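> Chain by chain, the residues:
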Amino acid sequence: MADRASDRLLRMLGMIAYLDRHEGVPVGEIAEHFGVSAAQVMQDVELLWVTGTPGYLPYDLIDFDASAYDQGVVRLTEGRGMTRPLRLGAREAVSLVAALRALDGALGPALDDERAAVLRSALAKLTAATGDAATAVDVALAASGTPGVTSAIAMALREGRRLHIRYVNASDVATERDVDPIRLVTDDERSYLLGWCRAVDGERLFRVDRVLDAVVLDEAAEQHDVAPGADTFAPSSSAELVTLHLASRARWVAEVTPVEAVRNHEDGSFEVDVRVVNRDWLQHLLLQVAGSVVSISPPSVSADAAAAARSALDAYERLALR
Amino acid sequence: MATTPAAAERLLNLVIALVNTPGRMTKEQVRTTVAGYGDAPSDDAFERMFERDKDTLRELGVPVLTVTDASHGDDFGYRIDLDTYALAPIDLTAAELGVLTMAAELWQDRSLRADSTRALTKLRAVGQAPGSTDLVAGLTPRVRDGGGAFAPLVDAVQSRQAVRFTYRAATSGEVRERVVEPWKLLARRGGWVLVGRDRDRGASRSFRLSRIEGAVRTVGPVEAFETPAADELAEALSSWDSGTRGVATLAVLPERASALRTRHVPDDAPHPTVEGRDVLRVPYRAQWELAEEVVGYGDAVLVLEPASLRDAALSLLRTAAALDDKEPARG
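Taken in order, these protein sequences are the chains called A and B.
Every number in this note's numbering is 518 more than the matching position in the first sequence, counting from 1.
Every number in this note's numbering is 52 more than the matching position in the second sequence, counting from 1.
Just chain A, with the same shape it has in the complex (with noise of 0.2 Å):
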């Protein structure tokens, strides 16, 4: 568990060995190295400088240069064989390999070479220094979108500007419009872009595999301030709650859908409250899981589903390939 002592700790060890590494640097500098307040680097400068090997008599603490100090420049003039920087924990490792491997293997793509180069260096770095500790994980991020839309939502994020896109939706409707990009969001599953619509002048999260096109435009894209959690497809709690009872094997189910509640029962089936904004995407959904559903509240749903899957049923017939 991370305590605030314990992340001090590291970051008073990680300032000897940065300090011996570089001679005399200004507050301010350290401050934003170590992504803290000032004055948070002070009060740390000020702990070290009384802490230091049994005896705590003067040469036995860990010392700076005083004139310097008052000019608001830390100069480190004796380490106490603290100099060294520590080492990555195991777990520490394997986070961070992992996390770079994920984004060499998603991001790649989408940046150019002086970029993907930066990335494969620092990657080359961490693990020579932390060895093979992070075979223990694999991340691969969904890189969904064709190469041609995804550099071009990568080209109009890196240089700030607006974008065409033909887009369609869970109802199968393509529609043209102009966003101004805002964050490429990749997960395991697959990647949004969330840009200001300027259709409805609003946020919207947008599929990259349901871009059909997209194109740079020469204005600039403008800034627009988003909520927090923008990134994160949430559903309004004023659509239709639709509660599924399904058998076990299609609990993926509530472990992919954003839904309110989850009720396992004891034969191992399962109830999930869900709210549909889009009627045709829990179509979509239910075809999939058919042979997995027990019961659907409201029956209408079920009733639409299954006049769907015997229209297909009657297409196929048509072509006589049933």
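Derived by calculation from the structure, the hints in this document are not laboratory data.
Take every hint as true, because none was put in to throw you off.
Listed next, the stretches of chain A that the computed footprint assigns to chain B, with coverage defined by at least 3 CB atoms under 8 Å from CB atoms of chain B: (1) 562-576; (2) 592-606; (3) 611-620; (4) 632-640; (5) 807-814.
As the structure is a prediction and not an experimental result, all values here were calculated from the model.
Here a beta-carbon is modelled for each residue, glycine too, at the ideal position from N, C-alpha and C.
Following the hints, position chain B against chain A.
Relative to chain A, chain B alone:
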């Protein structure tokens, strides 16, 4: 937990003392000479304080060694070995530190996030200048939470120690204890998966972390099993790795299924013609995956080839056609 400045100061003094001690320090020496420990009001309080600090340091990756002095029998002490303590030589440019900063933000999982943040604090010591993340502005990768099972499983993979947990099987819903030799953790298609050898089955199995119920406990000693051979591991991982397995021929209504259309591959082979529909070839990784996707489009997308994929789609549709026979849920 109390997070007084005194705790950080005491920990720092302990680290410096144990690094600089010529041989080792006994517990009593720590108590009487290291700043911060003399304040302990009783033997018990000192004992608890010292044990907790030792655990904290080890958790942070500081190697606190227990050393026995041959001439004093069971009288033991502690020290920190600097060669074990130190990171292998490494220098990071500002841009590299920036990439690492972004990598550390990948995780939504709390324990992974804590681990990567610590790693980053340590690496800042060897960074040339503050890292800049504008390198990859606007790209936000993220990996969802692995839950409470994640951290103990990573540790067990690394120490090659068997684990025991309660698992709710996906196919049957059966809830049962499993004893597994953990090989690897994968993040794939929206979830975390443990791949390892199920001791009861005597074969490799995959377990979704989201279906592990309750705590993961280690069983038996560390280094209890061999790392699997490369081909054995590859075999166990094969179902989780992507890659094209085949190409399907689909008949699509005009103007429909545009998302599917973007993935079609042009080819020179003669296409069958279907009146009123476009015929497209679309590559797939797994048949079940494409069958489910196609079925979702209802009558807008039909499978012509291969026959096995068409059968899979037809079977899903027949099941779905009977959905309105089911009773609505009550309550």
